[in-house]
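Asks: Sequence:
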Amino acid sequence: MFLQKMKMVPVPEQAYGNFFEGDCYIILNVSNSATQSTDIHYWIGNASSQDEQGAAAVYVTQLDGCLGGSPVQYREVQGCESAKFKSYFKNGLIYKKGGVGSGFTHVEANVYNIQRLLHVKGTKHVTAREVEVSWSSFNLGDIFLLDLGKVIIQWNGPQSNRQEKLKAVLLAQDIRDRERGGRAQIAVIEGGQEEAFPELMKIMISVLGQRTGHLKEPISDDKPDQNQISDVKLYHVSDASGQLLVQEVATSPLTQDLLSSTDCYILDQGGSSVMVWKGKAASDEERHSALSRAGFIKAKNYPSNTKVEVMSEGGESAMFKHFFKSWKEKGQAQGLGKTHSVGKIAKVDQVKFDVMELHAQPKLAAQERMVDDASGHVQVWRIENLELKEVNPSTYGHFYGGDCYLVLYTYNRANKPQYILYMWQGRHATQDEVTACAYQAVNLDNKYNGAPTQVRVVMGKEPRHFLAIFKGRLIIFEGGTGRPGVVNPDPGARLFQVRGTHEMNTKATELPARAASLNTNDVFLLKTHQNVFLWYGKGCSGDEREMGKAVADLLSELDKQIVMEGQEPAAFWVALGGKAPYASDKRLEKEVALHEPRLFECSNQTGRFLMTEVADFTQDDLDEDDVMLLDTWEEIFLWIGNSANQYETQESYSGAVDYLKTHPAGRDPGTPITTVKQGYEPPTFTGWFNAWDAHKWSVSPAGGSNAIRSLLLFSH
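Using this note's numbering, read the sequence shown as starting at 1 and increasing by one per residue.
Certain hints may be false.
[To be verified] In silico DSS-like links for lysine-lysine, alpha-carbon gap of 27 Å or less:
no.	residue 1	residue 2
1	K447	K416
2	K416	K677
3	K321	K661
4	K97	K216
5	K325	K233
6	K389	K471
7	K150	K90
8	K202	K121
9	K300	K321
10	K461	K325
11	K121	K7
12	K121	K150
13	K216	K280
14	K97	K7
15	K560	K538
[To be verified] Across the chosen pairs, the derived CB separations fall in these ranges:
no.	residue 1	residue 2	range
16	A250	P484	50 to 56 Å
17	G54	S134	17 to 23 Å
18	E194	I114	22 to 28 Å
19	P10	I219	19 to 25 Å
20	L554	Y448	38 to 44 Å
For the record, the hints were derived by calculation from the structure and aren't laboratory data. Computed from a predicted model, the values in this text were never measured in an experiment. All C-beta atoms in this analysis are idealised placements derived from N, C-alpha and C, irrespective of residue type, glycine included.
Taking the hints into account, I'd like the entire structure generated from these sequences.
Replies: Next comes the structure, spelled out in structure tokens:
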């Protein structure tokens, strides 16, 4: 809808994506996802009046009230639109001069009396702005559409890239189909080879005149919309004193308990965006004046085009939740049939995987990070003298903190072998060994023609599937080495914490042999030269005790002495160096943060390495010319396109590490980073995409390039 004489007027569907610079628009979007979220955007044209902008804000407030206050409101300014807004218009935005008040009217289908020049910019989110119909508007790096009604000529700047050309063709086709009823011809001119298109150049010269002088140099692209800024502040808005006060209450990382239902808050992302959160029980004055009356943007001297989101409690946007270290919804369910429950000790029913269910429901596989039932083939190598040395299968599952290992897991999907290459890095391994581990991983990856999915595993952060493939035999030794013939220092007493309820989720981790390492909720194995104690905390379950016994048998052939918490013999405490306080609080089951996945494009097409967020992403947004970063919170995926250049591929890993380090929610730097190659995506990756097409790239690795070539040849 757009504003005409201060009233809302519906925009015809064929005009969607066309915005007059002199108007204001309101866009209502109701998602088809399971959450059924609702978003309201009000778009402000650069030439719109203050009265129109004020009227748009009032209508948005009224619309929000009619919808129960649940929508998230976004303020969009021409040229600075959010990625979410741009995602609604997959073929691009077109800025048109004038507005309804100046006599211009919105698009009517099948009208050919048109002469305009559109300056097209962008690869992921395309914008096209009407510019003067003159050669002076052209430059060497961008793409221009000369729209003459029955003919649309696309002129590609000599320095424009393949993806920009494809996006411009799609925009031209969209104009033809929606505005001309499909009855217009599209032709393409390569700006660096104009002599090869004499007939088309005649048409351009008849409209633009003879060109004199040289065209302008390329205009550098804007910085990506979503620059990550770790300097995040939370402000409290209250009228308890009779006056509306805004006061800083916290800086990143933020926690959900900072938000009170009786008040309103402003989250400031270093001036790049401002988010307003309205508590359900906040006063009407606070809710209506949280941003406007406080004059927050003016007081901070932020530009007028600063992005603004307004949301109510319970209707938070995915981006807002990403600023908090953890986020829990009321009645939130976890994983496969697991629910959060409060009690003395929260316990959950562990559900064993049905591999067929994982393949039938890729979203389930993605959420649980399990590609199969772990019944595939396992091979393990250790880094010795910077080379690969096969590990004896009888010791599979034993990992020492002084070593680095490569674990190759092979499984079948659709009767084709699939590979996962885990790179396990010991906490006490040397830098040379860590570097050699990465180098040998590349060699092994090349041996399998780039098919393996690569997963970096930090010691102590082993993913669920990694646990499952060792069938309850995973034991992490704090230090030392597993190299044959090497005698590790004798620590005297060794203490292992055993966690897990069945062979698919169990591991034993060595901890300092001190009483302070104990935890009332777990099973511990204490091994000395004379005794082996199996200690059962009061909070452990029968299944956990059984897995404790199984692991104990792997570590020692001696008889095990069962020790119940509170009934420890003196020899037990002596081995631990004496009694000491330990974690005896009744724990709640660890909450898994509820965060929606985010996709970023990693590209150096502009000459520098940039990460740009892609909102409302689909498989089509995976650009084979680039590297894409998918953040699922529990894991980071780096998707490598077949045509991505070497620089992007190398920089993407360090970019992912920096992304975690600078994330405003204080993310765990040990979060697994998984590398996925185009055409070899596992279900743990594809499950985050709706309607994934497994055959999209199977015909030809360079399918995208062929598609463009055919479009251009057809247009000639």
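Asks: Confirm or reject each hint.
Replies: Comparing the hints with the structure gives:
Restraint check: the Cα-Cα separation between K447 and K416 comes to about 17 Å, which is no more than 27 Å; the hinted pair holds. Between the alpha carbons of K416 and K677 the distance comes to roughly 16 Å, so the proposed pair stays at or under 27 Å and holds. Restraint check for K321 and K661: satisfied, since their Cα atoms lie roughly 18 Å apart, inside the 27 Å limit. This hinted pair checks out: K97 and K216 have alpha carbons roughly 23 Å apart, not beyond 27 Å.
Taken as a hint, the K325 and K233 pair is honoured in the structure, with Cα atoms around 14 Å apart against an allowance of 27 Å. With a CA separation close to 23 Å, the supplied pair K389 and K471 stays within the 27 Å bound. Between the alpha carbons of K150 and K90 the distance comes to roughly 23 Å, so the proposed pair stays at or under 27 Å and holds. Between K202 and K121, the direct Cα distance comes to roughly 25 Å. Compliance with the 27 Å bound is thereby established for this hinted pair.
Between K300 and K321 the alpha-carbon distance is near 24 Å, which keeps this suggested pair within the 27 Å criterion. For the hint pairing K461 with K325, the CA-to-CA distance comes to about 18 Å; that is within 27 Å, so the pair holds. The straight-line distance between the Cα atoms of K121 and K7 is roughly 32 Å, outside the 27 Å bound, and the hint therefore fails. Proximity of K121 to K150 is assessed by CA-CA distance (about 23 Å); at most 27 Å being required, the pair is judged to hold.
Pair hint K216 plus K280 does not hold up; C-alpha atoms about 54 Å apart against a cutoff of 27 Å. With a C-alpha separation of about 21 Å, the suggested pairing of K97 with K7 holds against the 27 Å cut-off. Annotation: proposed proximity of K560 to K538 holds, straight-line Cα distance about 19 Å (limit 27 Å). A C-beta distance of roughly 53 Å is found between A250 and P484, which places it inside the suggested range of 50 to 56 Å.
A C-beta distance of roughly 36 Å is found between G54 and S134, which places it outside the suggested range of 17 to 23 Å. In this structure the hint that E194 and I114 lie 22 to 28 Å apart at CB holds, the actual value being about 24 Å. Here the CB-CB span from P10 to I219 is close to 36 Å, at odds with the stated 19 to 25 Å. With their beta carbons about 31 Å apart, L554 and Y448 fall outside the hinted range of 38 to 44 Å.
The structure shown violates the earlier hints numbered 11, 13, 17, 19, 20.
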